[in-house]
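Asks: Sequence:
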Amino acid sequence: MQPGARHKLENLLQSALLLAAMGALSWFSIEAIAGPETALWAMLGVMGGLALAPGAPMRLLLRAYGARPLTRREAPDLVALVEELARRAELPSAPKLFRIPSALPNAFAMGRPEDSVVCVTDGLLRLLTPRELAAVLAHEVSHVAHRDLWIMGLADSMSRAVALVAQLGQIMILLNLPLLLTGAATIPWRAPLVMIFAPVAVSLLQLALSRTREFDADLGAARLTGDPLALASALEKLERGVGRMWEDMFLGGRRVPEPSLLRTHPPTEERIARLREVAREMRASALDLPAGLVPPPLAPPPPPPRRRWTGLYY
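Under numbering that gives the first Met the number 0, the sequence shown has 284 at position 285, and the numbering climbs by one with no breaks.
Bear in mind the hints are in silico, worked out from the structure with no lab data behind them.
Even glycine gets a Cβ: it sits at the ideal position worked out from N, Cα and C.
Do not take every clue at face value.
Claimed, not checked - Now the in silico label distances, taken between C-beta atoms and shown as ranges:
#1 R279 - Q169: 45 to 55 Å
#2 R72 - W40: 46 to 56 Å
#3 I195 - E73: 51 to 61 Å
Unchecked claim - Restricting the straight-line Cα-Cα distance to at most 25 Å, the calculated cross-link-like pairs of lysine to any residue (SDA-like) are:
#4 K236 - G225
#5 K95 - T128
#6 K95 - P129
#7 K236 - S202
#8 K236 - E276
#9 K95 - A79
#10 K95 - G225
#11 K95 - V78
#12 K236 - F97
#13 K95 - A106
Given these sequences and hints, build the entire structure.
Replies: Here is the structure:
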């Protein structure tokens, strides 16, 4: 069995089961409130919207972060590294590299395999060694290659649809409250259950799916670089130096809740343990980094991260 194959199979099965559970729960919730025809059209609309979604949201998010493209002239080694990782991942085109002027150490990817970007902050470029930086970039390229961005977009759309249906159900009950009290109207027994439990259940499934995709991206990065310990070292450094601050980019500066069910990322200790297990199994040679790999020229450190008018934290 190839290195990490057992974890890969586990992650694949978990992702499939979680997505199936989210789909079934979404169908049950919409059908209970609005009927089977509406549920069918809603599910088809979600799938079609994600399949045909334009690149405008990605461009708007880059602008909101103040991201600037890193050209081959500014960072030839980094651009070449991303291109090599994309080649190993068999992407149709290499992700475009962007830089965010923020002291918060972070990296994230957006888009589809045919049109994607990878963003890194000045804080990350200052914190990590070239070997660790290559591993983090490989993690983001793996997200693109595995279509995790589309999968999580689908999960998010289903979660929002269930929450919207639950809210509409509550409004319908309030509007018909006099009829319900007089017995002139009744509601299906499933409707209260949907309004109370479905939004919470689908949110927990979405968080579990996110954790599974993170594990898969870690293993993908290990295969792309042939150096699982580099990513483990990067995770240790981020955890030790700044905790889980990369999640503050999306959670408005709030700490991640301690219960594992409420985490969007797996515990760092568990991610590192899996990477070390893969390293013991792996026999591949590590990725050849360009001699003297250096980050692009960095401006003076920007001010501490803060919440912006866009609602983003960087």
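Asks: Which numbered conditions among the earlier hints are violated in the structure presented, ordered from lowest to highest?
Replies: Number 7 - this is the single hint that the structure violates.
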